[in-house]
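Student: Chain by chain, the residues:
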Amino acid sequence: MKAQVEFKLSHDGDQWIGRNGDLFVSGETMQLLDNDICRVLQESGQFPRGTRVRVFLGFDFDTIPTWLRQYHTHYFNRLVTLTL
Amino acid sequence: MASVNRKWTDGMLTTEDWWAVWIGLTLFGAGLLSIWGIDAVGWMAKTKTWEWTSFWSSPDFDKLLGVAHGKAGKAYEGWSGFGALLMTYLVFGVVTAIGAYFQKLDVKKFILGFATIFFITFAAWMTGHEAHFKAAKTSQSMLQSEIYGSDVYCLTKVHKCTGMINKALKELGVDVATGDIPTREQAAQAVDKTKKAIRMSWGLQLGGGFSYMLSLFVGLIIGNFMKGFAGFLKEAAKPEWFIKTAIVYLGVKLGHMSISSTAKVGAGGELMLDLALAGAAAAFVAYLIFWPIVYTLGRKAFKLKRDASAVLASGISICGVSAAIATAGAIRAKPILPIAVSMLIVVFAMIELVVLPTAYTAMAPEQPIVNAAAMGMTVKTDGADAAAGAILDELMVSSHYIASGELWEEDWILAGAVLTKIWIDVFIGVWAFVLALIWVYKVERRPDQAHVGLSEIWFRFPKFVLGYFIAWLTYVAIVIWFPESAKAADAGANIVQSPMRKMMFMLTFVAIGVITDFSKLKGMGRLTLLYAIALFAIIAPIAYGVSYLFHRGLVPPIVTG
Numbered sequence: 316m317k318a319q320v321e322f323k324l325s326h327d328g329d330q331w332i333g334r335n336g337d338l339f340v341s342g343e344t345m346q347l348l349d350n351d352i353c354r355v356l357q358e359s360g361q362f363p364r365g366t367r368v369r370v371f372l373g374f375d376f377d378t379i380p381t382w383l384r385q386y387h388t389h390y391f392n393r394l395v396t397l398t399l
Numbered sequence: 002m003a004s005v006n007r008k009w010t011d012g013m014l015t016t017e018d019w020w021a022v023w024i025g026l027t028l029f030g031a032g033l034l035s036i037w038g039i040d041a042v043g044w045m046a047k048t049k050t051w052e053w054t055s056f057w058s059s060p061d062f063d064k065l066l067g068v069a070h071g072k073a074g075k076a077y078e079g080w081s082g083f084g085a086l087l088m089t090y091l092v093f094g095v096v097t098a099i100g101a102y103f104q105k106l107d108v109k110k111f112i113l114g115f116a117t118i119f120f121i122t123f124a125a126w127m128t129g130h131e132a133h134f135k136a137a138k139t140s141q142s143m144l145q146s147e148i149y150g151s152d153v154y155c156l157t158k159v160h161k162c163t164g165m166i167n168k169a170l171k172e173l174g175v176d177v178a179t180g181d182i183p184t185r186e187q188a189a190q191a192v193d194k195t196k197k198a199i200r201m202s203w204g205l206q207l208g209g210g211f212s213y214m215l216s217l218f219v220g221l222i223i224g225n226f227m228k229g230f231a232g233f234l235k236e237a238a239k240p241e242w243f244i245k246t247a248i249v250y251l252g253v254k255l256g257h258m259s260i261s262s263t264a265k266v267g268a269g270g271e272l273m274l275d276l277a278l279a280g281a282a283a284a285f286v287a288y289l290i291f292w293p294i295v296y297t298l299g300r301k302a303f304k305l306k307r308d309a310s311a312v313l314a315s316g317i318s319i320c321g322v323s324a325a326i327a328t329a330g331a332i333r334a335k336p337i338l339p340i341a342v343s344m345l346i347v348v349f350a351m352i353e354l355v356v357l358p359t360a361y362t363a364m365a366p367e368q369p370i371v372n373a374a375a376m377g378m379t380v381k382t383d384g385a386d387a388a389a390g391a392i393l394d395e396l397m398v399s400s401h402y403i404a405s406g407e408l409w410e411e412d413w414i415l416a417g418a419v420l421t422k423i424w425i426d427v428f429i430g431v432w433a434f435v436l437a438l439i440w441v442y443k444v445e446r447r448p449d450q451a452h453v454g455l456s457e458i459w460f461r462f463p464k465f466v467l468g469y470f471i472a473w474l475t476y477v478a479i480v481i482w483f484p485e486s487a488k489a490a491d492a493g494a495n496i497v498q499s500p501m502r503k504m505m506f507m508l509t510f511v512a513i514g515v516i517t518d519f520s521k522l523k524g525m526g527r528l529t530l531l532y533a534i535a536l537f538a539i540i541a542p543i544a545y546g547v548s549y550l551f552h553r554g555l556v557p558p559i560v561t562g
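So the protein lines, in turn, are chains V and W. Mapping of the first sequence onto our numbering: residues 316 to 399, in sequence order. Mapping of the second sequence onto our numbering: residues 2 to 562, in sequence order.
Check before you lean on any hint, since a few could be wrong.
Stated by the list, open to error - Chain W is nowhere near these chain V residues, computed Cβ spacing over 10 Å in every case:
#1 323
#2 328
#3 345
#4 355
#5 358
#6 359
#7 366
#8 389
#9 394
#10 395
What the hints assert, rightly or not - The calculated lysine-lysine pairs, modelled on DSSO-like cross-linking and capped at a C-alpha distance of 27 Å, are:
#11 110/W to 301/W
#12 443/W to 335/W
#13 197/W to 158/W
#14 72/W to 49/W
#15 301/W to 323/V
#16 301/W to 168/W
#17 323/V to 168/W
#18 228/W to 49/W
#19 503/W to 323/V
#20 75/W to 304/W
#21 75/W to 197/W
#22 323/V to 105/W
#23 110/W to 228/W
#24 105/W to 158/W
#25 64/W to 335/W
#26 317/V to 464/W
#27 503/W to 317/V
#28 64/W to 168/W
#29 443/W to 317/V
Claimed, not checked - Reference excerpt, derived from the structure (chain W facing chain V, CB under 7 Å, subset only):
#30 8
#31 58
#32 323
#33 461
None of these hints come from the bench; they were simulated from the model. Even glycine gets a Cβ: it sits at the ideal position worked out from N, Cα and C.
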């Protein structure tokens, strides 16, 4: 299941943040984040409206405090299919 | 996306979990070179039991520390204890610094911090080996004090020292093996002739447990009263890395124990199997009994949100910080939640580590394996559990010896605590996967949009467990399939599974103390109360009951000869 778009995911305390080069998405919940991804991808003109796009969101484990990383090495990856 | 796990090989060079495997197996492999007559690990420093009046009458560092070399390591025979200490520091300093570099730690800070922790560790380890704290009485002094006196202690393992006294008696014409009973004068002569026996007016007989407790105490003092210094050490204070490396070495010890105990004492092999099977039951209890109870308690009695309750339930019930992070990730919780819960877990794990070994030893001195398995189910985080198991091992073996004169083989109790915990650890990936499915299908209700990949199970799998089993099975395979090489393999493996493993334990004790700051509990009143209730009113009693059901009456093999 290869994704068409990938984002590196983090959380700034208030919102989930996704980055991929020039693309920047954010949302307080996963649902709002997904909505923002749809908006940004539509605006980027990469995909026609109505296209189903598979998006990979990989959590950036480097944003977890160093002292905590010794206990576990993975937060989560998320694969969603969104209709633009 | 280097800091994101994509491929199954991701993290192999950048996580402490994998570095525990690499360092563990590299040194185990180096130890096995003894099969070909090469002692590549004989430089390891090894603490000695010493007595302070003797030390001060003629101070000599070699009375405190020696070289661990085996028969193949003649080249190390001339080494001083200090030389061995420096070499040990150099080897471990270099391999951990390489690991720190790949883990993207601040290498300069790590090198300085590790050097400090290393030498603090050895100072505490050597101090704890002073005979008044550590040495046990000889069995003659325990069982025939009217002949030998009640003040004869051993500067080496009890059975060796006892054998040395019997040998000295034989040279005096008294063969205790055939039933001869020495006179008081003959007994006194034999004790005087035995270099490893010493007369002392008092002794606590704590075994290696005193070194462990002293290291922990030193670490806690630094972590709570010298916070600037603790900050300086923080980059190198990695108890989980150290203990996971120690657990890989413990795999060698377990291979050794399964083989030798099966050969010498049939019950030993059965005990190992029993520990493994009961460990599986422990995993069942942690995931399917503890978790639902604590989750419900959090939701109903403490009115926590669904995600907070799930993360806390995993942290308290399963395997501590690792489970809290895995669960939070699976249910897409904000990262601040597992971070806050982890602070709580680390502090409580320390409380468990300090309280439970002593409490279990006092409560049930004749139930060593029950206590060990209960420890494995109750104490969270691998570091605290293995450390608590090590203290319990030392305390129970010593107290049983003092009470009965019978000496249990060491490390079975530790193995019980660690095996139980490892069983719980290995399923965390599966549990997180199940929770992720529940969240997607039942909580978020977005099954058509979000997919949960099976790869998440692998990413969450504790990799050090692979090193542990590889070391264990490799050792067993050599002994079974190449019996002619077994003795030679043993020479190197013994250094890895004993002084090297114990050093990693000691480093863990200091490091876990350094990172534990009790003031972190401030402002976490409600969560702290829930944690305390769940731990002491639910988890500890149920864990003990289940362990009793499976292990009651089981004891480690008895040391003979």
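Student: Each hint needs a verdict: does it hold in this structure or not?
Tutor: Here's how the hints hold up against the structure:
Not every CB of chain W lies more than 10 Å from the CB of residue 323/V, the least distance being 5 Å, so the non-interface label is violated. Remark: the non-interface label on residue 328/V conflicts with the geometry, its nearest Cβ contact in chain W lying 7 Å away (cut-off 10 Å). Non-interface status of residue 345/V relative to chain W is broken: a Cβ of that chain comes within 10 Å, the nearest being about 6 Å off. Every beta carbon of chain W lies more than 10 Å from that of residue 355/V, the smallest distance being close to 17 Å; the non-interface claim holds.
Separation of residue 358/V from chain W is adequate, the least Cβ-Cβ distance of about 20 Å exceeding the 10 Å criterion. The Cβ of residue 359/V sits about 19 Å from the closest Cβ of chain W, beyond the 10 Å cut-off, so the non-interface label holds. Residue-level check passed: residue 366/V sits 14 Å from the nearest beta carbon of chain W, beyond 10 Å. The claim that residue 389/V is not at the interface with chain W is violated, since a C-beta of that chain comes within 10 Å of its own (minimum 4 Å).
Residue placement check: residue 394/V does not keep its beta carbon more than 10 Å from all beta carbons of chain W (closest about 4 Å). Consistency note on residue 395/V: stated as away from chain W, yet its beta-carbon is not over 10 Å from all of that chain's, at 5 Å minimum. For the suggested pair residue 110/W and residue 301/W, the alpha carbons sit about 46 Å apart, so the restraint of at most 27 Å is broken. With a C-alpha separation of about 19 Å, the suggested pairing of residue 443/W with residue 335/W holds against the 27 Å cut-off.
Our distance criterion of 27 Å between C-alpha atoms is met by residue 197/W and residue 158/W, whose separation comes to about 9 Å. For a cut-off of 27 Å, the pair hint linking residue 72/W to residue 49/W stands: about 19 Å separates their Cα positions. A C-alpha spacing of about 36 Å is found between residue 301/W and residue 323/V, which places the hinted pair above 27 Å, so the restraint is violated. In summary, the hint linking residue 301/W to residue 168/W is not supported, as the alpha carbons are separated by about 68 Å, beyond the 27 Å threshold.
Proposed proximity of residue 323/V and residue 168/W is contradicted: the alpha carbons are some 70 Å apart, above 27 Å. For a cut-off of 27 Å, the pair hint linking residue 228/W to residue 49/W is broken: about 32 Å separates their Cα positions. Between the alpha carbons of residue 503/W and residue 323/V the distance comes to roughly 41 Å, so the proposed pair goes past 27 Å and is violated. Using a Cα cut-off of 27 Å, the hinted pair residue 75/W and residue 304/W is violated, with the two alpha carbons roughly 67 Å apart.
The straight-line distance between the Cα atoms of residue 75/W and residue 197/W is roughly 23 Å, inside the 27 Å bound, and the hint therefore holds. For the hint linking residue 323/V to residue 105/W, the alpha-carbon distance of about 19 Å falls within 27 Å, and the restraint holds. Our distance criterion of 27 Å between C-alpha atoms is met by residue 110/W and residue 228/W, whose separation comes to about 16 Å. Among the hinted pairs, residue 105/W with residue 158/W is inconsistent with the structure: their alpha-carbon atoms are about 43 Å apart, more than 27 Å.
Using a Cα cut-off of 27 Å, the hinted pair residue 64/W and residue 335/W is violated, with the two alpha carbons roughly 54 Å apart. Between residue 317/V and residue 464/W the CA atoms are separated by roughly 26 Å; this keeps the pair inside 27 Å, and the hint holds. Of the pairs offered as hints, the one joining residue 503/W and residue 317/V is violated, with about 46 Å between alpha carbons and a cut-off of 27 Å exceeded. Our distance criterion of 27 Å between C-alpha atoms is met by residue 64/W and residue 168/W, whose separation comes to about 24 Å.
Distance restraint check for residue 443/W and residue 317/V: the Cα-Cα separation of roughly 25 Å lies within the 27 Å cut-off, and the hinted pair is therefore satisfied. A least Cβ separation of about 11 Å between residue 8/W and chain V goes past the 7 Å threshold, and the interface hint is therefore violated. For residue 58/W, the interface hint is violated, the least distance from its beta-carbon to any beta-carbon of chain V being 45 Å, above 7 Å. At a threshold of 7 Å, the smallest CB-CB gap from residue 323/W to chain V is about 4 Å, leaving the interface hint in force.
Here the hint on residue 461/W is kept, as its CB sits about 6 Å from the closest CB of chain V, short of 7 Å.
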